[in-house]
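Chemist: Single-letter residue listing:
Number of protein chains: 2
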Amino acid sequence: MLAIIAKITVKAGEESSFELVAAELAAKVNANEPGCKLYICCKAAAPQTYFFIERYDDEAAIVAHRASTHFKELGKKMGAFMAAPPEIERLNEI
Amino acid sequence: MLAIIAKITVKAGEESSFELVAAELAAKVNANEPGCKLYICCKAAAPQTYFFIERYDDEAAIVAHRASTHFKELGKKMGAFMAAPPEIERLNEI
Chain E
3 MLAIIAKITV
13 KAGEESSFEL
23 VAAELAAKVN
33 ANEPGCKLYI
43 CCKAAAPQTY
53 FFIERYDDEA
63 AIVAHRASTH
73 FKELGKKMGA
83 FMAAPPEIER
93 LNEI
Chain A
3 MLAIIAKITV
13 KAGEESSFEL
23 VAAELAAKVN
33 ANEPGCKLYI
43 CCKAAAPQTY
53 FFIERYDDEA
63 AIVAHRASTH
73 FKELGKKMGA
83 FMAAPPEIER
93 LNEI
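Those protein sequence lines, which keep their order, are chains E and A. Residue numbering for the first sequence follows the working numbering, starting at 3 and increasing by one per position. Residue numbering for the second sequence follows the working numbering, starting at 3 and increasing by one per position.
Same shape as in the complex, but just chain E (with noise of 0.2 angstroms):
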């Protein structure tokens, strides 16, 4: 299994569009794509701070979903809302 860690920090104020678009991404990723094993995304304690956390069967799963057009729509809607580009672990689990 793999899996990815990206963590967001969000502009100030747009927290709450942030979570709107975030939760469709999720809701869509987990009716659309079976080798996505799980695709959350969650508040951190500090402000303006999210960690998306993802699991898939391979490395064919992680590209449908990059290629999906969910991703991509939803990807560039959140992307409107974040300070700075996400920071990605990719990840083997052991």
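Keep in mind the hints are simulated off the structure, nothing from the lab. Keep in mind that a hint or two might mislead.
If chains are identical, the list can't say which one is meant, so a pair holds when it fits in one copy or spans any two.
Think about it this way: if two alpha-carbon atoms lie no more than 30 angstroms apart in a straight line, the pair counts; the simulated DSBU-like pairs of lysine-lysine are [unchecked claim]:
id	residue 1	residue 2
1	13	30
2	78	13
3	13	74
4	30	78
5	79	30
6	79	13
7	9	39
8	30	74
9	45	9
Got chain E sorted already, so can you dock chain A onto it with the hints?
Modeler: Just chain A now, with coordinates in the frame of chain E:
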């Protein structure tokens, strides 16, 4: 749902020893903690770097995890292989 991400830096040369204990801990958590919905240890791209990704029903499930014999015993074993204290993010799923 609540989530925890714990970033761990392992001492050089102790990676295999750490991985063995981490895998044993993950197996015991998944077999014995009904309130824990995910407990995996993942290797990052950076050397000596690992992430535990954990997901719980509620705060009581986290308390039960920390109080368990397997966490106390294997956590102590893992601690001997770490180069620094874990960096822990406590998260609320949105």
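Chemist: All hints, please: hold or fail.
Modeler: Quick rundown of the hints versus the structure:
no. : hint       : verdict
1   : 13 with 30 : within (24 angstroms within a copy, 40 angstroms between copies)
2   : 78 with 13 : within (15 angstroms within a copy, 39 angstroms between copies)
3   : 13 with 74 : within (20 angstroms within a copy, 39 angstroms between copies)
4   : 30 with 78 : within (15 angstroms within a copy, 40 angstroms between copies)
5   : 79 with 30 : within (14 angstroms within a copy, 41 angstroms between copies)
6   : 79 with 13 : within (13 angstroms within a copy, 41 angstroms between copies)
7   : 9 with 39  : both (19 angstroms within a copy, 21 angstroms between copies)
8   : 30 with 74 : within (12 angstroms within a copy, 39 angstroms between copies)
9   : 45 with 9  : both (10 angstroms within a copy, 17 angstroms between copies)
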